[in-house]
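A.B. asks: Chains as they are written, first to last, in our numbering: chain A, 1 to 115; chain B, 1001 to 1112.
Any given hint might turn out to be false.
[What the hints assert, rightly or not] In the SDA-like style, the derived pairs of lysine to any residue whose C-alpha atoms are separated by at most 25 Å in a straight line are:
1. K44(A) to I1039(B)
2. K1052(B) to G1103(B)
3. K44(A) to V1085(B)
4. K44(A) to A1017(B)
5. K62(A) to R14(A)
6. K1003(B) to K51(A)
7. K27(A) to Q1042(B)
8. K1003(B) to P39(A)
9. K44(A) to T1079(B)
10. K71(A) to P39(A)
11. K51(A) to G28(A)
12. K1003(B) to T98(A)
[Said to hold, decoys possible] Not close to chain A: a few residues of chain B, all C-beta gaps over 10 Å, as computed:
13. C1012
14. A1013
15. P1021
16. S1025
17. T1026
18. Q1042
19. A1060
20. S1061
21. L1080
22. D1104
[What the hints assert, rightly or not] Short, incomplete list of chain B residues facing chain A, as computed with Cβ under 10 Å:
23. Y1034
24. R1091
25. G1105
Simulated from the structure, these hints should not be mistaken for lab results. By construction, the Cβ of each residue, glycine as well, lies at the ideal position given by its N, Cα and C atoms.
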Amino acid sequence: NAGVMQNPRHLVRRRGQEARLRCSPVKGHSHVYWYRQLPEEGLKFMVYLQKENIIDESGMPKERFSAEFPKEGPSILRIQQVVRGDSAAYFCASSSRTGSNQPQHFGDGTRLSIL
Amino acid sequence: DAKTTQPTSMDCAEGRAANLPCNHSTISGNEYVYWYRQIHSQGPQYIIHGLKNNETNEMASLIITEDRKSSTLILPHATLRDTAVYYCIVRADNTNAGKSTFGDGTTLTVKP
Chain A
1 NAGVMQNPRH
11 LVRRRGQEAR
21 LRCSPVKGHS
31 HVYWYRQLPE
41 EGLKFMVYLQ
51 KENIIDESGM
61 PKERFSAEFP
71 KEGPSILRIQ
81 QVVRGDSAAY
91 FCASSSRTGS
101 NQPQHFGDGT
111 RLSIL
Chain B
1001 DAKTTQPTSM
1011 DCAEGRAANL
1021 PCNHSTISGN
1031 EYVYWYRQIH
1041 SQGPQYIIHG
1051 LKNNETNEMA
1061 SLIITEDRKS
1071 STLILPHATL
1081 RDTAVYYCIV
1091 RADNTNAGKS
1101 TFGDGTTLTV
1111 KP
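Isolated chain B, as found in the complex (with noise of 0.2 Å):
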């Protein structure tokens, strides 16, 4: 699976909106784009997947740049409930691809 880089942390003000990066330079083609945040003591809870076009849920958008080397995950709205370790993972399309390489990840604090 390639390697991915976030920054370490991050602050956010209540309300506004929250972007994410995150560089996956190595990406293969048949590599999708995973978003997972882990809210202390909690598992991993699933945000947000994609393979090359932009996408939308209701918890938030996934913006993948036309060479996929990178993208951005964005909270529009972002609430005190957000304030987590936000993880980017891309995994590839082998016949038994199973497991997810998590990193460091990017602790998101949301202010008031």
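Next comes chain A alone, as it looks inside the complex (with noise of 0.2 Å):
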């Protein structure tokens, strides 16, 4: 019974490359969100995403960042033309129905490093 699958582990990129983050929810679960995680700080929301939709994206930077979770297949966070600044550790989290009395389930992120 797999839990919340986030990959890669770690992703290493350069200056104005882009990179995807890829999160596979529990198995039968269809809300997703995305934090970011700046070193010693803690998590910021960024985007709540239901099957072909989002929800919220009231965290997500409004240029760069964009955010898919399709029929079939991850959820998707892409990063176009990445900046030292996005370095940081991204987690992926999901719950099998929406509501505050649903707990969110954690990956364990990807830590995305910019030279």
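Two independent chains are provided; combine them into the complex using the hints.
C.D. replies: Okay, here's the thing in structure tokens:
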């Protein structure tokens, strides 16, 4: 019974390249959340998606960042033209339903390093 | 979501109970209290959550005061592996309730 799977665990990119982070939610979960954790800081919400729909993207930077959760396949967080400040751990969480009585279960994250 | 206040750090002796407090004085009636922990380099791990009543599971107990303005997470017999950052979060029951707002948490150090 696999939990949230994220890959890659570590990703190194040079400035200006694109980074693609993948998240496979817990089997049966249709709600996915992305968070970013800068070094020595707490997690910051980025975006909440339900299958094929973006529900809340209030934490997403306005440029270069996008997220999708297609009908089939994992959720993807895409960062275009990466900069040094994008270096962080990116965590994905999933839940079976919406509502505040539904725990979010987290993956172990992707550590993105920008050279 | 309501803001939470937690002590920055706490120590606990191995085998003793660890009691982690959290203040959430502005909590609304429909907001749940959640506890997560993050062990270095891992993702946050869900521990427990509750609305009004005290809750207990295989990991911990959650005690919520009657006025719901504060809560305490109890690890009954702390082990060295319980050393982690513990986050107390409140989440509103909005129609599209999604995000969890993480603060700085409490760094719990369990000592031999």
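A.B. asks: Look at each hint and say if it fits the structure.
C.D. replies: Results for each hint:
no. : hint                 : verdict
1   : K44(A) to I1039(B)   : holds (17 Å)
2   : K1052(B) to G1103(B) : holds (22 Å)
3   : K44(A) to V1085(B)   : holds (15 Å)
4   : K44(A) to A1017(B)   : violated (30 Å)
5   : K62(A) to R14(A)     : holds (21 Å)
6   : K1003(B) to K51(A)   : violated (30 Å)
7   : K27(A) to Q1042(B)   : holds (20 Å)
8   : K1003(B) to P39(A)   : holds (22 Å)
9   : K44(A) to T1079(B)   : violated (29 Å)
10  : K71(A) to P39(A)     : violated (33 Å)
11  : K51(A) to G28(A)     : holds (11 Å)
12  : K1003(B) to T98(A)   : holds (21 Å)
13  : C1012                : holds (21 Å)
14  : A1013                : holds (27 Å)
15  : P1021                : holds (18 Å)
16  : S1025                : holds (18 Å)
17  : T1026                : holds (16 Å)
18  : Q1042                : violated (5 Å)
19  : A1060                : holds (13 Å)
20  : S1061                : holds (16 Å)
21  : L1080                : holds (20 Å)
22  : D1104                : violated (6 Å)
23  : Y1034                : holds (7 Å)
24  : R1091                : holds (4 Å)
25  : G1105                : holds (7 Å)
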